[in-house]
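Kindly generate the complete structure, drawing on both the sequences and the hints.
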Amino acid sequence: MSEAMSDVFEFVKSFNGTVMITNQFDRSNVFSKLFKLYYSKVKSLAYILLRSEPDAEDVAQEVFARLWERQNIWLD
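Here the sequence shown stands for residues 0 to 75, where the numbers follow numbering that gives the first Met the number 0.
Hints should not be assumed to be uniformly reliable.
[What the hints assert, rightly or not] Label-pair ranges, simulated between beta-carbon atoms:
| no. | residue 1 | residue 2 | range |
| --- | --- | --- | --- |
| 1 | ALA64 | SER43 | 17 to 27 Å |
| 2 | ASN71 | ARG50 | 13 to 23 Å |
| 3 | GLU61 | SER31 | 29 to 39 Å |
| 4 | ASN28 | ARG50 | 18 to 28 Å |
| 5 | ASN28 | ILE72 | 13 to 23 Å |
For the record, the hints were derived by calculation from the structure and aren't laboratory data.
Here a beta-carbon is modelled for each residue, glycine too, at the ideal position from N, C-alpha and C.
Structural data, given as structure tokens:
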């Protein structure tokens, strides 16, 4: 497995734990907390895979836009 893919898997495991922990304590601020904690990591991982700063920014924005749109799925 490549180092980039390993980083992706570590991020997903970390993200899942954060959702569960945050969801238990304060549902109203989950998205804001996730954005603050993970935006730069998502952007960095996208940059590792794409090697383009503008494309990495677009990917990170799209990830969080989709999370926002699908809150009802991952918060329940």
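For each hint, the structure was consulted:
no.: 1; hint: ALA64 to SER43: 17 to 27 Å; result: holds, 18 Å
no.: 2; hint: ASN71 to ARG50: 13 to 23 Å; result: violated, 35 Å
no.: 3; hint: GLU61 to SER31: 29 to 39 Å; result: violated, 18 Å
no.: 4; hint: ASN28 to ARG50: 18 to 28 Å; result: violated, 34 Å
no.: 5; hint: ASN28 to ILE72: 13 to 23 Å; result: holds, 18 Å
When each numbered hint is compared with the structure, violations occur for hints 2, 3 and 4.
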